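> Chain by chain, the residues run as shown.
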Amino acid sequence: MDIVSYMFGKSIFVGMIVGILSLYAISRQKSDLHTLLLTDLVECAMLVIIAAVGTDLAEALILPGLVVGLAEVLAVSEILIYRNEVRKNNLMSDNKKLRLFEEFLAKEEPYVNTDVNFNKMEVIYSAPKFIGFILVLYGAFLTGFTGGAVMASGLLFYLLSQGAIGNGVSFNDIKHSWEAISGFSGIMWAFWILLGFAGFFLFPEHYLFFLVITGCALALKVGSKLGLIGSLRI
Amino acid sequence: MSLNIDSIAGVFYGYIPFGDIVFYFTEFSLIGFIIALFFTLVVYLTKPEKQLEFQIGDFGDKLNYVSLEELKIRRLMAIVCGICTAFAMLTGDLFDYALFLAVIGIANMGIVSAVKKEGVLSAAFYYGIIAMISTLPLFGASALILAKTGTLSILELAKNSHDLLFQKIIYAVGMVGETGIAPFYAAKAEMFRAPGAPYILMIHLSSLLIIVRTVEIMLNVH
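Residue numbers (full-length UniProt numbering), protein chains in the order written: chain S, 1 to 234; chain P, 1 to 222.
I should point out that these hints are in silico values taken from the structure, not numbers from a laboratory.
These numbers were taken from a predicted model, which means no experiment stands behind them.
Be aware that a few hints might be false.
As the list claims (entries may be wrong) - In silico DSSO-like pairs for lysine-lysine, Cα to Cα no more than 27 Å straight-line: (1) P/Lys-62 to P/Lys-72; (2) P/Lys-116 to P/Lys-72; (3) P/Lys-168 to S/Lys-10; (4) P/Lys-117 to P/Lys-148; (5) P/Lys-148 to S/Lys-10; (6) P/Lys-62 to P/Lys-117; (7) S/Lys-175 to S/Lys-120; (8) P/Lys-116 to S/Lys-30; (9) P/Lys-148 to P/Lys-168; (10) P/Lys-62 to S/Lys-88; (11) S/Lys-120 to S/Lys-88; (12) P/Lys-62 to P/Lys-47; (13) P/Lys-148 to P/Lys-62; (14) P/Lys-116 to P/Lys-47; (15) P/Lys-72 to P/Lys-117; (16) S/Lys-88 to S/Lys-129; (17) S/Lys-30 to P/Lys-117; (18) P/Lys-148 to P/Lys-159; (19) P/Lys-47 to S/Lys-88; (20) S/Lys-88 to S/Lys-30; (21) S/Lys-88 to P/Lys-116; (22) P/Lys-168 to S/Lys-88; (23) S/Lys-225 to S/Lys-129; (24) P/Lys-47 to P/Lys-117.
One chain only, chain S, in its complex shape (with noise of 0.2 Å):
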């Protein structure tokens, strides 16, 4: 018996537990917060049920679950954010409205404090190097396309975590680091193909050279590349 029907059954029994106790949780729940992040976390139970088919469409299929339940994550946080907004204006407006049966209606929730200072927060200054090197280390170490994405993320990370805090890369600084870094991808561009990909055919009784000279060219082409996104600025 190989490994993937080996672990079939637990990794669903896992999936489901997950969900169950996520379920039971978010009963419990006071916050809409929490629930929210809850609500998540079943998500993260469905990718973990459709891992456990382990075949290539089960891998083909994770990446739209994944896309979906972000999709759904952003839009609710966005409704609820706004709500928020809506009901803290009704507050201050102080005319609150009578509502139809209202002693039947569920209590006000508790109050959560949401006016947090996120500048004064330590682990926003520490955590982004931190998890931005991590990233790129483990990108380079994969190599290819897939550390080249692992690695850009890490850079993505960085640099958009710095624009975040108030100290980004200003605009004389974009224009001459925007050339340089899209030069240097352009460069790594000509290794991947030219030289990794076509010796590939070229010199097949090489393989190992070439293979090697266009995974970590392909790494810090697409690195670059997708790292410059992080200097917009947006």
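The hints should help you fit chain P onto chain S, whose structure is shown.
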């Protein structure tokens, strides 16, 4: 291609070999497709209502004004919802169908949440929570069907008997949470009385068509 789905879905007209995602045409799916597209067109062409609110115990009625921008967003969401419903009628792939359901769920959330009232936004939020929770049974059931039979194609699954009762029940539960429950939340927020009502009706129509289509799929896949 021999199929024994004729008895439920009507005459089989053919399919589009569109990679993995196969759209197929039967009498049933074509009728559903045309209905959904027709109502999408109706939603595109209709002008929204204006709403007049009584003041209880007071004189003077209040006209609820809805800005053009807000209406455009709601109409876009209604059209996305209609187009997704139309193509969910045609699709021949269980996972693809689940993805269409999820997109319809997001569009429904968009339609509901475009009304800037606290109660309506609350209902949209809770609907979103339910829709996100029910991705577990929906996608999980399609993964279980894939694990048991090795395929997700409705045309393939309709050929032989597979004993999929449990998976089909979970799939139906997921469908109910994702799209079928949407009218309840629309009604909970008294959406018919919310300004700019006609776009809300797309939620009801899509939910109705999706429930009928899911029953048809569940009967075909066996």
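> With reference to the structure, classify each hint as holding or not holding.
Here is what the structure says about each hint:
1. Proximity of P/Lys-62 to P/Lys-72 is assessed by CA-CA distance (about 23 Å); at most 27 Å being required, the pair is judged to hold.
2. Under the criterion of a C-alpha separation no larger than 27 Å, the hint pairing P/Lys-116 with P/Lys-72 is consistent with the structure, at around 14 Å.
3. For the proposed pair P/Lys-168 and S/Lys-10, the alpha carbon gap of about 21 Å is at most 27 Å, so the pair holds.
4. This hinted pair does not check out: P/Lys-117 and P/Lys-148 have alpha carbons roughly 46 Å apart, beyond 27 Å.
5. With a C-alpha separation of about 15 Å, the suggested pair P/Lys-148 and S/Lys-10 falls inside the 27 Å cut-off, and the hint holds.
6. Straight-line distance between C-alpha atoms of P/Lys-62 and P/Lys-117 comes to about 16 Å, which keeps the hinted pair within the 27 Å bound.
7. Under the criterion of a C-alpha separation no larger than 27 Å, the hint pairing S/Lys-175 with S/Lys-120 is inconsistent with the structure, at around 31 Å.
8. Annotation: proposed proximity of P/Lys-116 to S/Lys-30 holds, straight-line Cα distance about 24 Å (limit 27 Å).
9. Of the supplied pair hints, the one linking P/Lys-148 and P/Lys-168 holds, its CA atoms being roughly 12 Å apart against a limit of 27 Å.
10. For the suggested pair P/Lys-62 and S/Lys-88, the alpha carbons sit about 23 Å apart, so the restraint of at most 27 Å is met.
11. For the hint pairing S/Lys-120 with S/Lys-88, the CA-to-CA distance comes to about 24 Å; that is within 27 Å, so the pair holds.
12. For the hint linking P/Lys-62 to P/Lys-47, the alpha-carbon distance of about 20 Å falls within 27 Å, and the restraint holds.
13. Only pairs whose Cα atoms come within 27 Å are accepted, and P/Lys-148 paired with P/Lys-62 is rejected, the gap being roughly 59 Å.
14. For the hint pairing P/Lys-116 with P/Lys-47, the CA-to-CA distance comes to about 19 Å; that is within 27 Å, so the pair holds.
15. Simply put, P/Lys-72 and P/Lys-117 have alpha-carbon atoms about 17 Å apart, close enough for the 27 Å limit, and the pair holds.
16. Among the hinted pairs, S/Lys-88 with S/Lys-129 is inconsistent with the structure: their alpha-carbon atoms are about 36 Å apart, more than 27 Å.
17. Taking the CA atoms of S/Lys-30 and P/Lys-117, the gap is near 22 Å; set against the 27 Å cutoff, the hint holds.
18. At most 27 Å may separate the alpha-carbon atoms for a hinted pair to count; P/Lys-148 and P/Lys-159 meet this at roughly 15 Å.
19. Note on P/Lys-47 and S/Lys-88: the hinted pairing is violated, with a Cα-Cα distance of about 32 Å set against a maximum of 27 Å.
20. Our distance criterion of 27 Å between C-alpha atoms is met by S/Lys-88 and S/Lys-30, whose separation comes to about 18 Å.
21. A threshold of 27 Å between alpha carbons decides the hint, and for S/Lys-88 with P/Lys-116 the separation of about 13 Å falls inside it, so the pair holds.
22. Restraint check: the Cα-Cα separation between P/Lys-168 and S/Lys-88 comes to about 44 Å, which exceeds 27 Å; the hinted pair is violated.
23. Annotation: proposed proximity of S/Lys-225 to S/Lys-129 holds, straight-line Cα distance about 20 Å (limit 27 Å).
24. With a C-alpha separation of about 21 Å, the suggested pairing of P/Lys-47 with P/Lys-117 holds against the 27 Å cut-off.
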